[in-house]
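Participant: In case you want the letters, here they are:
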Amino acid sequence: GNSVTQMEGPVTLSEEAFLTINCTYTATGYPSLFWYVQYPGEGLQLLLKATKADDKGSNKGFEATYRKETTSFHLEKGSVQVSDSAVYFCALRVTDKLIFGTGTRLQVFP
Amino acid sequence: NAGVTQTPKFQVLKTGQSMTLQCAQDMNHNSMYWYRQDPGMGLRLIYYSASEGTTDKGEVPNGYNVSRLNKREFSLRLESAAPSQTSVYFCASSGGDRTGFFGQGTRLTVV
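So the sequences go chain by chain: F and C. If you count by my numbering, then the first sequence holds residues 1 to 110, one letter each, in order. If you count by my numbering, then the second sequence holds residues 1 to 111, one letter each, in order.
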């Protein structure tokens, strides 16, 4: 079946540290891959996406590369800010289903 | 730009009561979804609708029904609420580029 596995959190970092949140997937066919962010009390917002192998999605300093050979879509940011504190969800869409991982909470301290 | 609108935002039900969560999108998307979000379990798909007139079960459909009223609206009904259905419910829609757009959520408590 189709599924997404994310690293468990919380991830706790100091401001300006480097961030990696791991995401791997299992899918039949050729999925599109997404990272969503959820701030407290809000819905999910699209952060970035990639639609085919070797594509790199980027937004607000975050990046993720669609790696078909390792079935991964790891999220990275070179220098995190306190305002990046949120829950991050990796997701895939294949056919009509949009499937999410369990989410990773990021806490950034000054 | 309204995007995806869910109502209500908060609701408290007694066990056994029924209610309908409403969702509407104004982006002319074909696909719509209902998820529930529980601590430590991420978002789990309850039902989805790939197009007007079709609905399919997701990962956790038991205890829920849905109606795709038209292209804009996709409602979720709890016929007899149970405490296990206490959760935050999100509606989402998706178009040709496969990106999902989410509503602000409905926080439901069943006592």
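Since the hints were derived computationally from the structure, they do not count as laboratory data. Do not take every clue at face value.
As the list claims (entries may be wrong) - List time: in silico BS3-like cross-link candidates among lysine-lysine, alpha-carbon distance up to 25 Å:
| no. | chain 1 | residue 1 | chain 2 | residue 2 |
| --- | --- | --- | --- | --- |
| 1 | F | 97 | C | 14 |
| 2 | F | 52 | F | 97 |
| 3 | F | 56 | F | 77 |
| 4 | F | 52 | F | 77 |
| 5 | C | 71 | F | 56 |
| 6 | C | 9 | C | 57 |
To be verified - Selected chain C positions facing chain F (in silico; Cβ < 10 Å):
| no. | residue |
| --- | --- |
| 7 | 6 |
| 8 | 43 |
| 9 | 45 |
Virtual Cβ for every residue (Gly too), placed ideally from N, Cα, C.
Participant: All hints, please: hold or fail.
Facilitator: Verification of the hints:
no., hint, in the structure
1, 97(F) to 14(C), "32 Å, violated"
2, 52(F) to 97(F), "17 Å, holds"
3, 56(F) to 77(F), "13 Å, holds"
4, 52(F) to 77(F), "21 Å, holds"
5, 71(C) to 56(F), "32 Å, violated"
6, 9(C) to 57(C), "24 Å, holds"
7, 6, "8 Å, holds"
8, 43, "4 Å, holds"
9, 45, "7 Å, holds"
Going down the numbered hints, you'll see the structure goes against 1 and 5, while the others check out.
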